[in-house]
Every structure is written in C-alpha cells, then in structure tokens.
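Visitor: Here's the letter readout for the chains.
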Amino acid sequence: MKPKIKNRINKWETISGWLFVMPAALLFATFTLYPIISVFYYSTTKWTGLSTPEFIGLANFQDILQSEAFYSIISNNFKFLFLGVPLWTFFPLIIATLIFQQVRGWRFFRSAFFFPTVLSVVVTGSLFRSLFQYQGVFNIILRNIGLGFLAKDWWGSGATAIPMLTVIINWVGFGSSMLIYLAGMSNISESVIEASLLDGANWWQRFRHVYLPELKRLIQLNVVLNIMYSFTSLFGYIYTITKGGPGYETTVIEYLIYLKAFTSREMGYASALSVLLGILVACISVIQFVVLRKKEKT
Amino acid sequence: MRAVQKKFSIGRILVFCTLVLLAVTTLAPFMFMVMTTFKTKTEYTSSLMALPSKVQWANYKYIFENFEVFKFNVNSFKITILSVFFSVLITSMAGFAISKIAFKGKKILFALIAFCMVMPGQVTFIPVYGLISRMGLVNTHFAVILLYVGSSIPFTTFLMAANCGGIDNGIMESARIDGANIVTIFVRMILPLLKSTIAAVSILNFLSYWNELFYAMIILQKEYLRTLTVALTSLVGRYGGNMPIVYTGLFLNCIPVIIIFFVFQKQLIQGVSDGAIK
Numbered sequence: 001m002k003p004k005i006k007n008r009i010n011k012w013e014t015i016s017g018w019l020f021v022m023p024a025a026l027l028f029a030t031f032t033l034y035p036i037i038s039v040f041y042y043s044t045t046k047w048t049g050l051s052t053p054e055f056i057g058l059a060n061f062q063d064i065l066q067s068e069a070f071y072s073i074i075s076n077n078f079k080f081l082f083l084g085v086p087l088w089t090f091f092p093l094i095i096a097t098l099i100f101q102q103v104r105g106w107r108f109f110r111s112a113f114f115f116p117t118v119l120s121v122v123v124t125g126s127l128f129r130s131l132f133q134y135q136g137v138f139n140i141i142l143r144n145i146g147l148g149f150l151a152k153d154w155w156g157s158g159a160t161a162i163p164m165l166t167v168i169i170n171w172v173g174f175g176s177s178m179l180i181y182l183a184g185m186s187n188i189s190e191s192v193i194e195a196s197l198l199d200g201a202n203w204w205q206r207f208r209h210v211y212l213p214e215l216k217r218l219i220q221l222n223v224v225l226n227i228m229y230s231f232t233s234l235f236g237y238i239y240t241i242t243k244g245g246p247g248y249e250t251t252v253i254e255y256l257i258y259l260k261a262f263t264s265r266e267m268g269y270a271s272a273l274s275v276l277l278g279i280l281v282a283c284i285s286v287i288q289f290v291v292l293r294k295k296e297k298t
Numbered sequence: 299m300r301a302v303q304k305k306f307s308i309g310r311i312l313v314f315c316t317l318v319l320l321a322v323t324t325l326a327p328f329m330f331m332v333m334t335t336f337k338t339k340t341e342y343t344s345s346l347m348a349l350p351s352k353v354q355w356a357n358y359k360y361i362f363e364n365f366e367v368f369k370f371n372v373n374s375f376k377i378t379i380l381s382v383f384f385s386v387l388i389t390s391m392a393g394f395a396i397s398k399i400a401f402k403g404k405k406i407l408f409a410l411i412a413f414c415m416v417m418p419g420q421v422t423f424i425p426v427y428g429l430i431s432r433m434g435l436v437n438t439h440f441a442v443i444l445l446y447v448g449s450s451i452p453f454t455t456f457l458m459a460a461n462c463g464g465i466d467n468g469i470m471e472s473a474r475i476d477g478a479n480i481v482t483i484f485v486r487m488i489l490p491l492l493k494s495t496i497a498a499v500s501i502l503n504f505l506s507y508w509n510e511l512f513y514a515m516i517i518l519q520k521e522y523l524r525t526l527t528v529a530l531t532s533l534v535g536r537y538g539g540n541m542p543i544v545y546t547g548l549f550l551n552c553i554p555v556i557i558i559f560f561v562f563q564k565q566l567i568q569g570v571s572d573g574a575i576k
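Protein chains in written order, with the numbering used here: chain W, 1 to 298; chain B, 299 to 576.
Any given hint could turn out to be false.
Restraint-style ranges between C-beta atoms, simulated for each label pair [unchecked claim]:
(1) B/N540 to W/Q66: 28 to 36 Å
(2) W/I37 to B/N540: 44 to 52 Å
(3) B/E521 to W/G146: 45 to 53 Å
(4) W/Q102 to B/P490: 33 to 41 Å
(5) B/A409 to W/L19: 17 to 25 Å
(6) W/A29 to B/G477: 32 to 40 Å
(7) B/F413 to W/L197: 43 to 51 Å
One side only, chain W facing chain B, incomplete, derived with CB under 8 Å [as the list claims (entries may be wrong)]:
(8) A25
(9) L27
(10) T30
(11) V121
(12) S285
Beyond 10 Å from chain B on every Cβ pair, some chain W residues (computed) [said to hold, decoys possible]:
(13) T44
(14) Q66
(15) E68
(16) T117
(17) A159
(18) P213
(19) L277
(20) V291
To be clear, the hints were calculated from the coordinates, so they are not data collected in a lab.
We put the CB at the ideal spot given by N, CA and C, even for glycine.
Using the sequences and the accompanying hints, generate a full structural model.
Guide: Shown next as structure tokens:
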C-alpha cells in the first residue's frame, strides 16, 4: 500500500484522516486500550465493584499463585488444549480434502457442515447438555445398539465432560475451519493437481505432497487460533453446559474470572486473574509471531 | 473448486458415505430439537426418539403466552441492527482513512490496534464493566451496542482497510481533481466499491451480535431488557424439566439466523474464507 497521494502529506490530510478514524479510535481507546492498562491497576486492589478500590499491592497474585485450585483450573485449560487443538485443527482439514475431491453433492455437504456455526452457543450448549445427560438421547442410542455398558452421565465428572465438550465444540465449529482450508486449497494451481493425478498419486500421496505444503500456513494459523481458543472462548459452553462443575472439574480460567467478578464480587482478585490470562495470551502470540516469521524466511 | 477426479471408484464411494454419515450426525441434533418442539411433554418423556403423534403447536402457544418472546425479540433486533450499522459505518471510515489517507500518527494507531487485537474480552471486561457502571449505563441497550461496536473494531477495521487498499488510487485522484471533497469520495466512490465486504461483514457481525451471551448478560441484569439469547438461559433454568418448551424457545432464537444462513450463504462463506486468508 503506497498511496500516490503521499506527496501531499499536509495538515489537511492529517485532519481529515483523523476525522475519519476518530469514532473508531475513540471507541478503541475507551473499550480496549484503557481497560488493558487499567486492569493492571485493579489487579492490585481489593474491590467489590461498588466500593472504592483499595490498594493492596501484589496480594491478589500471591493468593492466586498459592492456591491449589488455581493450578487445577489451569490444568483444565491444558486438558482442553491437548484434546481440542489436534481435533479442531485436523478434523476440518481431513473433511475439507474429502470435499475438495468434488464428490457428488459437495455443495450440500459444505452447507450442512457449516450450518451449526451460525447457531448461538446458548442453543447448542443447552441442546447438547440435554442430549448427553444420563437420561439423554445419546445414552438411549448407545443402549439400542448394544453399547449400553458405555452409557453414563457424561456431565457427571471432568474426565468425561471435558472430552465431550471438545467434541461438541468441534461439532459446532469445524465447518468454519473447513471453509478456510477449502479457500486455501482452491488457491493450489490446477496444473499441480493434474500432474499429481497423471503421476498416479493416490489420495494420501496427494494429500501429503500437494495439499499439505500449500496449507502449511493455514494449519499453523488454525493451531494458534485453537490454542487461543482453549484459553479464551470456552465460556459459553461451560456456562450453558456444566457451569464449571461438578465441583471445579470443568472450570477453566475465564469461567473462574467470571465467577470471581460476578458471583463473589471479588473484582480485584478477578482482575489479577485477567492479568495472568492476558500475559499468557501475549506470550502465545509472541511465540506465534516468532515461529511464523522464521518459517516465512526459510 | 474444479473437478479433480470424476472417476468412479470404491474410494469415492467410501468418501461419499463418510460425508453422508457426517452430515447426518451434524444435522441430527438440530433436527431432533425441532421435532421435539412438536411433541407434548408426556410424549417426550415416554419416548424421546419417537416422532410426534401429530404436529401440535401447544409449546409455541405456551411460550408466547408465558415468556415475553416478542419483547426479547425486539430487544435483540434493536441491539443487533444498530450495532451492525454503527460497526460498518465506523470501521469503513477508519479502514478508508488507514489505507487511503496519509496522515500523521497513522502508523502508531495501526500498531496499537494490531497489538490489542489478540487481547480477549476476558482480560478487559472488568475495567469495561467498571467504566460502564461509572457512566451509569448498566442496564441500558446503549452500553451493549457500544461494547459490540467497540469489540468489532480491530478485526473489522483491518478487513475494511485490506479491501479498501485494493481500490485504485487513480480514480480517487481524478475525482479530487474534479473538485470532489474527501467525504464525497468516501460516500460516492469508496462505499459502493466496498459493497461486498460490507455485506459479508454485516452478516457475520449480525450473527455474532444476535448470538452473543457474555456482554449482554453482564450488562442487562433486568429481565425486561434482555436479548432473546440471554433470556433463554433463564428459560432453560425455569423449564429444565420440560424439554419441549425449552427446545421451542431455543428454536425461536434460531429462526432469524437460519433465514440469514439460507439467504446469504454465499456472502457468509465468502466472509469466513476471506477473514483468514487476508
């Protein structure tokens, strides 16, 4: 982007430029920039949200880092990460390569797979909560096909609830990652694909040598987004399905922030958790930036 | 997407069957929900999977009489449409300025926005809530609209700037020489050229605002102000033992979204694909 009009950088340009960005810049400064800075301040206070914040230094951080509950909650995030990231990244990739073979009705499949992504998390969450209850449809199906011994209350413990949640998130979201992969694949030149067909490459060889190298960047992007997702986008599902329970077995850090802020009104403590989450997210994006940069150079 | 291989083979049949199976599992839960809305509670508890004996609308009637569907819909539509409108207006202006006007301070602004783009709402919402409450805007639709528009700014501005950058500078220059001022250029030339981006962004934002839970829930604490999406969480709590009623409420929330899905599918697919590639 090198505007030709650059030779006329003048006062008028600057004024009109700022007038055009002003509304966006103001909203951005008020609702993003200011909060990012002030959350650091709030994290050093004791504050109910109504009272005046009272400065208590780093006591909140001390409390958090010394509590065992915090580590078990963070480990829940990592469970989502380790189970979810491979599933949410590669499942849509496989489906996209299958659809890209131009099977009969691919347009229908593409739409059908994309459909759940437009529904509200309140809808999908509440729906799946009931489907996977002990008396729910899923267990009935299991019993009907002779797998009744597998039937259980899927939300009854973290060990079954977390894997189930990652599967549900995949059910809802794989359609949009699939679309992204499909868009990437349609950029692969026709001749490369044809050449691979003439060489008699089978599906796996084509996938490995033609699609995969081309899609590397998108796969990396998806991995990063999904890692972020397991720290920042689970709230809706947790809130509508397990409410963090049983106990704290499915509570993740963002849900803990919500609980501390709005149920027990410990806004200062919650802010300290926010700061920790923010630092974590910042680290992930720095790593992503460095890794992706390096890859681009080679 | 072109024809890659039209040959008839076992492999292709397998692929087809896999996709059919996946399509069934993808759509079945939703179909189950819709089917259940036509069943009575007794029918549902005696056999979850059976089809309704006859299509009956009692659940819909009940929910319209006992749950303020109309009011919640009005709240939802009001918040969603105003947010979409202001988000598109503000971000297209900013995207235009960033990509086409050389003004001082632009680089710093751009870098700041890029830096903050990754910060999730969980990091900022406590100060945001504090701010909203100091401004006396808790329990107002205005606050929710502000937050929706504000949260859309980084990503949507980038998308607008990327698409606006592709517009030829020559036509702008010649319009300028003809004496058009910058507002005229923006309204008459840039906006029409950004039409498809605006359409995609509007649709994607409509869906995310309509479906949004968190901000709407913490800001709108009074029942009568709630959006349909937030109101449903209390419906689920209240009628937990009567799933046909709950499902009916959930389905009502899906109707506008389904209409958009069918009418604007092309733009929707375009929008999702564009966002990642750019």
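Visitor: Hints the structure violates: just list their numbers, smallest first.
Guide: 1, 16, 19
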